[in-house]
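Engineer: Each chain, letter by letter, is given below.
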Amino acid sequence: MPKWWALLLVVLAFPFIYLCMNRVFHATVMYITMNVALMLVFLYAPTEKMQGIVQKIFYFHVSSAITMFFAFFLVCVASIMYLWKHSDWWDAIAFSAAEIGVVFCTLVLLTGPLWARPIWGTWWSWDPTLTLTLVLWLIYVAYLMLRIETYDPQRARFAAILGIIGFVDVPLIRWSVEKWRTLHPKPVLIQEGGTTGLTSAMLLTFVVCLGAFFLLFFYLLRERISVAQSRHTLEVLRHEIDEIYIG
Amino acid sequence: MKNFWYLFAAYSTIWTALCVYMIRLSQKNKALQGELRDLRAQLERVVTK
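Residue numbers (this note's numbering), protein chains in the order written: chain A, 1 to 247; chain B, 1 to 49.
Among these hints, one or two may not hold up.
[Claimed, not checked] To give an idea of the interface, some chain A residues facing chain B are shown, with a C-beta separation under 8 Å as derived from the structure:
| hint | residue |
| --- | --- |
| 1 | 53 |
| 2 | 117 |
| 3 | 223 |
| 4 | 234 |
| 5 | 235 |
| 6 | 238 |
In short, the hints are calculated from the structure, not lab data. Yeah, the Cβ is synthetic: ideal placement off N, Cα and C, and Gly gets one too.
Chain A with its partners taken away, still in its complex shape (with noise of 0.2 Å):
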């Protein structure tokens, strides 16, 4: 196994065991590492020879479509584990993780037109990568507006079913980046062979970034999840009174 496969595993794993820690330290974790990424890309990443200066916003552009593309994995996750458990934990995953893949899918389309611009000389070109992560973004925009913020078992059914279906979507965009003759650029990260395109230092402080983003993502799961069970609670609380009143 190449040594940059294995930092990748690191970086990716890193999230998941800071999960468990206590919010505050999750968010200085998250901080720091954010401050060192950017200090990475402007001050060690080389610049590009073709592109120049502009090539920088590749590293929190790849990093936003990777942590978009995982959002939207676990919205698929927690909406089978709902519909297969009927457990409302699931379905506040499920509908936290959309909202939030729904920022990050936002963060891609509108970095995306704005370092196209300076390279292939127009801002959006319905080719099919790019109009597949439109459709993506309209897919759980939808998701997002069909399981709003009240809790109905219905709804949550229905927008589960739409949380699994529009995953689809994703592994197509992959297919569309690797397969397609498209104005968008073949993956520069692990290309065919298992090698990458980038240099060491450029390498680096993308696996850097990408942590910042995942360590992003799951504070921000974390506080979304925490507003969807205050809701549930403010529900039930109010149910409970009505029924006091009522009785």
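Given chain A, work out where chain B should sit, using these hints.
Structural biologist: Using the frame of chain A, we list chain B on its own:
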């Protein structure tokens, strides 16, 4: 420094969007905690009556 403004715009967009989302989330959380505290107090009053 050609295309610097595109880089600046991209990073500004990321941080503005994330800050707005985090502030909204924390405001929502604070409001819900306050509402929960009030309801719990109300429930306690009703039960003790």
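Engineer: Does each hint fit the structure? Answer for all of them.
Structural biologist: Right, here's what the structure says about each hint:
Because the smallest distance between the Cβ of residue 53 of chain A and any Cβ of chain B comes to about 6 Å, under 8 Å, the interface hint for this residue holds. Given the 8 Å rule on beta carbons, the hint for residue 117 of chain A holds: about 6 Å separates it from the nearest Cβ of chain B. Checking residue 223 of chain A against chain B by beta carbon gives a least distance of about 5 Å; that is within 8 Å, so the hint holds. Given the 8 Å rule on beta carbons, the hint for residue 234 of chain A holds: about 6 Å separates it from the nearest Cβ of chain B.
The beta carbon of residue 235 of chain A is not positioned within 8 Å of any beta carbon in chain B (closest approach about 10 Å), and the interface hint is therefore violated. Residue-level restraint check for residue 238 of chain A holds (minimum Cβ-Cβ distance to chain B is 7 Å; threshold 8 Å).
The structure shown violates just one earlier hint, number 5.
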